[in-house]
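Given the coordinates of chain A, assemble chain B with the ligands onto it according to the supplied hints.
Number of protein chains: 2
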Amino acid sequence: MSRLREGLPAEAVLTDADVLASYAHDMASFCPAGTPAAVVLPREVEQVRHVLRVASELRVPVVPQGARSGLSGAANAVDGCVLLSLVRMNRVLDIDPVNRIAVVEPGVVNAELSKAVAGHGLAYPPDPSSWEQCTIGGNIGTGAGGLCCVKYGVTAEYVLGLDVVLADGRLLSTGRSTAKGVAGYDLTRLFVGSEGTLGVVVRAVLALKPAPRQQLVLAAEFASSAAAGDAVCRIMAAGHAPSLLELMDRTSVQAVNRMMRMGLPESTEALLLAGFDTPEPGAELAAVGELCRAAGATEVVPAEDAAESEMLLAARRAGLSALEAVKGTTMIDDVCVPRARLAELLDGVAEIADRHRLTIGVIAHAGDGNTHPTVCFDASDEDEARRARQSFDEIMALGLELGGTITGEHGVGVLKRDWLARELGPDALELQRGIKAVFDPLGILNPGKVF
Amino acid sequence: MSRLREGLPAEAVLTDADVLASYAHDMASFCPAGTPAAVVLPREVEQVRHVLRVASELRVPVVPQGARSGLSGAANAVDGCVLLSLVRMNRVLDIDPVNRIAVVEPGVVNAELSKAVAGHGLAYPPDPSSWEQCTIGGNIGTGAGGLCCVKYGVTAEYVLGLDVVLADGRLLSTGRSTAKGVAGYDLTRLFVGSEGTLGVVVRAVLALKPAPRQQLVLAAEFASSAAAGDAVCRIMAAGHAPSLLELMDRTSVQAVNRMMRMGLPESTEALLLAGFDTPEPGAELAAVGELCRAAGATEVVPAEDAAESEMLLAARRAGLSALEAVKGTTMIDDVCVPRARLAELLDGVAEIADRHRLTIGVIAHAGDGNTHPTVCFDASDEDEARRARQSFDEIMALGLELGGTITGEHGVGVLKRDWLARELGPDALELQRGIKAVFDPLGILNPGKVF
Ligand SMILES: Cc1cc2nc3c(=O)[nH]c(=O)nc-3n(C[C@H](O)[C@H](O)[C@H](O)COP(=O)(O)OP(=O)(O)OC[C@H]3O[C@@H](n4cnc5c(N)ncnc54)[C@H](O)[C@@H]3O)c2cc1C
Ligand SMILES: Cc1cc2nc3c(=O)[nH]c(=O)nc-3n(C[C@H](O)[C@H](O)[C@H](O)COP(=O)(O)OP(=O)(O)OC[C@H]3O[C@@H](n4cnc5c(N)ncnc54)[C@H](O)[C@@H]3O)c2cc1C
Numbered sequence: 001m002s003r004l005r006e007g008l009p010a011e012a013v014l015t016d017a018d019v020l021a022s023y024a025h026d027m028a029s030f031c032p033a034g035t036p037a038a039v040v041l042p043r044e045v046e047q048v049r050h051v052l053r054v055a056s057e058l059r060v061p062v063v064p065q066g067a068r069s070g071l072s073g074a075a076n077a078v079d080g081c082v083l084l085s086l087v088r089m090n091r092v093l094d095i096d097p098v099n100r101i102a103v104v105e106p107g108v109v110n111a112e113l114s115k116a117v118a119g120h121g122l123a124y125p126p127d128p129s130s131w132e133q134c135t136i137g138g139n140i141g142t143g144a145g146g147l148c149c150v151k152y153g154v155t156a157e158y159v160l161g162l163d164v165v166l167a168d169g170r171l172l173s174t175g176r177s178t179a180k181g182v183a184g185y186d187l188t189r190l191f192v193g194s195e196g197t198l199g200v201v202v203r204a205v206l207a208l209k210p211a212p213r214q215q216l217v218l219a220a221e222f223a224s225s226a227a228a229g230d231a232v233c234r235i236m237a238a239g240h241a242p243s244l245l246e247l248m249d250r251t252s253v254q255a256v257n258r259m260m261r262m263g264l265p266e267s268t269e270a271l272l273l274a275g276f277d278t279p280e281p282g283a284e285l286a287a288v289g290e291l292c293r294a295a296g297a298t299e300v301v302p303a304e305d306a307a308e309s310e311m312l313l314a315a316r317r318a319g320l321s322a323l324e325a326v327k328g329t330t331m332i333d334d335v336c337v338p339r340a341r342l343a344e345l346l347d348g349v350a351e352i353a354d355r356h357r358l359t360i361g362v363i364a365h366a367g368d369g370n371t372h373p374t375v376c377f378d379a380s381d382e383d384e385a386r387r388a389r390q391s392f393d394e395i396m397a398l399g400l401e402l403g404g405t406i407t408g409e410h411g412v413g414v415l416k417r418d419w420l421a422r423e424l425g426p427d428a429l430e431l432q433r434g435i436k437a438v439f440d441p442l443g444i445l446n447p448g449k450v451f
Numbered sequence: 001m002s003r004l005r006e007g008l009p010a011e012a013v014l015t016d017a018d019v020l021a022s023y024a025h026d027m028a029s030f031c032p033a034g035t036p037a038a039v040v041l042p043r044e045v046e047q048v049r050h051v052l053r054v055a056s057e058l059r060v061p062v063v064p065q066g067a068r069s070g071l072s073g074a075a076n077a078v079d080g081c082v083l084l085s086l087v088r089m090n091r092v093l094d095i096d097p098v099n100r101i102a103v104v105e106p107g108v109v110n111a112e113l114s115k116a117v118a119g120h121g122l123a124y125p126p127d128p129s130s131w132e133q134c135t136i137g138g139n140i141g142t143g144a145g146g147l148c149c150v151k152y153g154v155t156a157e158y159v160l161g162l163d164v165v166l167a168d169g170r171l172l173s174t175g176r177s178t179a180k181g182v183a184g185y186d187l188t189r190l191f192v193g194s195e196g197t198l199g200v201v202v203r204a205v206l207a208l209k210p211a212p213r214q215q216l217v218l219a220a221e222f223a224s225s226a227a228a229g230d231a232v233c234r235i236m237a238a239g240h241a242p243s244l245l246e247l248m249d250r251t252s253v254q255a256v257n258r259m260m261r262m263g264l265p266e267s268t269e270a271l272l273l274a275g276f277d278t279p280e281p282g283a284e285l286a287a288v289g290e291l292c293r294a295a296g297a298t299e300v301v302p303a304e305d306a307a308e309s310e311m312l313l314a315a316r317r318a319g320l321s322a323l324e325a326v327k328g329t330t331m332i333d334d335v336c337v338p339r340a341r342l343a344e345l346l347d348g349v350a351e352i353a354d355r356h357r358l359t360i361g362v363i364a365h366a367g368d369g370n371t372h373p374t375v376c377f378d379a380s381d382e383d384e385a386r387r388a389r390q391s392f393d394e395i396m397a398l399g400l401e402l403g404g405t406i407t408g409e410h411g412v413g414v415l416k417r418d419w420l421a422r423e424l425g426p427d428a429l430e431l432q433r434g435i436k437a438v439f440d441p442l443g444i445l446n447p448g449k450v451f
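If you read the protein sequences in the order shown, they are chains A and B.
For the first sequence, position 127 matches number 127 in full-length UniProt numbering, and the numbering has no gaps at all.
For the second sequence, position 283 matches number 283 in full-length UniProt numbering, and the numbering has no gaps at all.
Isolated chain A, as found in the complex (with noise of 0.2 Å):
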């Protein structure tokens, strides 16, 4: 801790037992966490170099941290480590509307970016949910995806080059500046969704678009997921490009009615949300709502204006604080299905539920087959809890049975560590545990998490 507290301000380095609790965790339920020995709050690249040059000297654990909204469990504490919180390092560097790039600390908050590149008439557009508290550089340690993902892309689209500390303190410069290249093995790409467990990110090079028109949204009413899928199919088979293509089902929109009183229909079986920002929004709602009428939709109601589209989307931004308001705990999956299988996923889902009787809400970003299944329970009660558990896990059975994946945008974390063995198979996972060790050749970084 001595040799810890040397190269660093005292304000930097916490030890307190309840911050360290406090800090130990993400918001993903059932993982474990340790004891960590320190938080360090560093505000400059050299104190995190300093830490890693410490933490590799004397073998200490280090575990990146952002603003901890991770749902797998990817940022919690392992015992006696360093909890390595970035969130101190929260400048935007530059904003450069010719070259459309952004160069940002990792701890900026994602919505204080938009806020900022708004002004240059720009836009950032990967945007989760969780966008007012989570960090540019948990995004990129997560690889996070959100609701434009459909239209613009992921994290991973949008990082173009990173300062890094590596394991042993040395700072590596990957990437580039400009908006092509090729030269040697894409590094950058491989850092985003690494969980921390290559490197801490201490600069971000980020791609900015031009900001998009306001959004025009419908909603659309089905009476079974199988309908409201085959809509999702039309709308893409079509050509249609929405900003956004979300699905709730019938567990999640009675969870929002309920809390929120919004005077859903009670017989709705899934609620379709579409989204256009094109020049022209009103004539693409018209295309859209006739596609999903020709699926079966009850009910076709599209806005008039950016305020109606707010009311429309309200829902959907409700969905999974009602899904906690429920039984008090959620457990949110993250499944990924080809869109073609969404039908199948949502019915798969609900006889799980069923079986096991559980309430799972899905609220999906469908345009890209991704969806979160989410399990309420009694966290208290223990039966429930082995059930909610086990629910879960067939859910990440049937999204790989679909010719899915486990992961679409939360990361693997500690949460999903042998569903991804599952997944890769040992191949992948041999050359996975490969590029670790060439990275982290004493296993400090993040241990436990990922594999």
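The hints are simulated quantities; they were obtained by calculation from the structure and are not laboratory data.
What you are looking at is a predicted structure, and each value in this text was computed from that prediction instead of being measured.
Fair warning: there could be bad hints in the mix.
Output of the computed footprint for chain B on chain A, the stretches with three or more beta carbons under 8 Å from beta carbons of chain B [said to hold, decoys possible]:
| # | segment |
| --- | --- |
| 1 | 17-27 |
| 2 | 178-185 |
| 3 | 305-315 |
| 4 | 331-340 |
| 5 | 396-407 |
By construction, the Cβ of each residue, glycine as well, lies at the ideal position given by its N, Cα and C atoms.
Coordinates of chain B with the ligands only, in the frame set by chain A:
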């Protein structure tokens, strides 16, 4: 050789010396090629696995090849190697409009895929100028770009999953068939741009987009490259999203004029071409025309329809051949700089050309800052060839000085190996070598390339 023939049909193995020589190199100048032991043209994954098993056993180098349209010597033979040409594995295995993916073998020619998906109202955007020859496997090998990347992004953004035969013959599946996924390190992206040094791609899952509308093109002439560079900056800073934004310097304009008698004014120092495939391209052309004029354009010619657009693009398409006609041989560079530095690069290249008494034409994917300074020389004139090589290196040095990269889309191959070391520095290089060793511990896969 007999071990090799065992698992392969007779017609798949070529050893005739003339044939070997014709397969020994790609289209790059100044890149040495060794003498291969055999060319193997597999039709099945199992045959590829056989080749790699035998090669591993006998420690024989294997060089994967597509159409050999590469411009860095990356597909060149090394002495005693097996040239593993994937061109006969050229089936489009699946086109799925709902999930917007195509599954292809590596030997599918880029233009063939484009044609096949167009029938479903879809597009595979990455469009290298060599699209009528080059293969998807080669595109993945180099991380190819093209004209429409300024709007639609590069190859890396469209590769969702891969089947790869590893150095020891094992078959690895990476990635997914879903729109999103973050399960483990992104091995898929690691293979993109790895130039055949990590494994042999035998199947790719590619993302497709809805087919864009027909684009409308505007041409603008400038009396200085600074003015043209300024126009590019103004267009991008104003938030436009051109579907192409190409630039030709005075030398390439004159070369095209001479070859095609296009009647472009000889006073033109730079020609800018901007395309839009939006619903109202006319409005955008008008706005962009204004920006060009504000930047000092001497003439602005907006196309009225598709035919006129094609005419304007003809000059751009003829650029490389026209430059080749100047002196018989060209050496095509691929420096990418932040787009705000474009004018400085153009001026610097002109200065280098003057100093070395050479003709160097620049054609650029200007919207991306990706330039192709093309050195024209007489290969039989030893002194001129030396100066050509020297100027090529000076251009890369200039690119790095301007905050750019030595390769925007063509890759490193043998041509830029030394320069890669200079761009990356020792730490990144060490990590890259470490990754190489994880995938190819015996060093049999395309040895001597990239590093
Ligand atoms: C209500 C809610 C809604 C959500 N919605 C979405 C959504 O729509 N889409 C989505 O993708 N996710 C979503 N999430 C999950 C979570 O917000 C994202 O995973 C987010 O990217 C985490 O960012 P963070 O700053 O909280 O990182 P943390 O949770 O602190 O860390 C996440 C991972 O990144 C690593 N890390 C953090 N900073 C660095 C760094 N500087 N260098 C290296 N590694 C680092 C950590 O070690 C950890 O492995 C949601 C979460 C909540 C609670
Ligand atoms: C006139 C002309 C214009 C061009 N314009 C462009 C342009 O606009 N943009 C651009 O990016 N490039 C351009 N190029 C360069 C070239 O066409 C691209 O690099 C292309 O991607 C090469 O494809 P190929 O099939 O010819 O591959 P090759 O040249 O045969 O191989 C390229 C690399 O990929 C590897 N490789 C090939 N197949 C496989 C496989 N199945 N598995 C693993 N590795 C493999 C090889 O080992 C090699 O390292 C141009 C070339 C020419 C001649």
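Right, here's what the structure says about each hint:
1. 17-27: Coverage by chain B is violated for the segment 17-27 of chain A (0 residues, Cβ < 8 Å).
2. 178-185: holds (count 8)
3. 305-315: violated (count 0)
4. 331-340: holds (count 5)
5. 396-407: holds (count 5)
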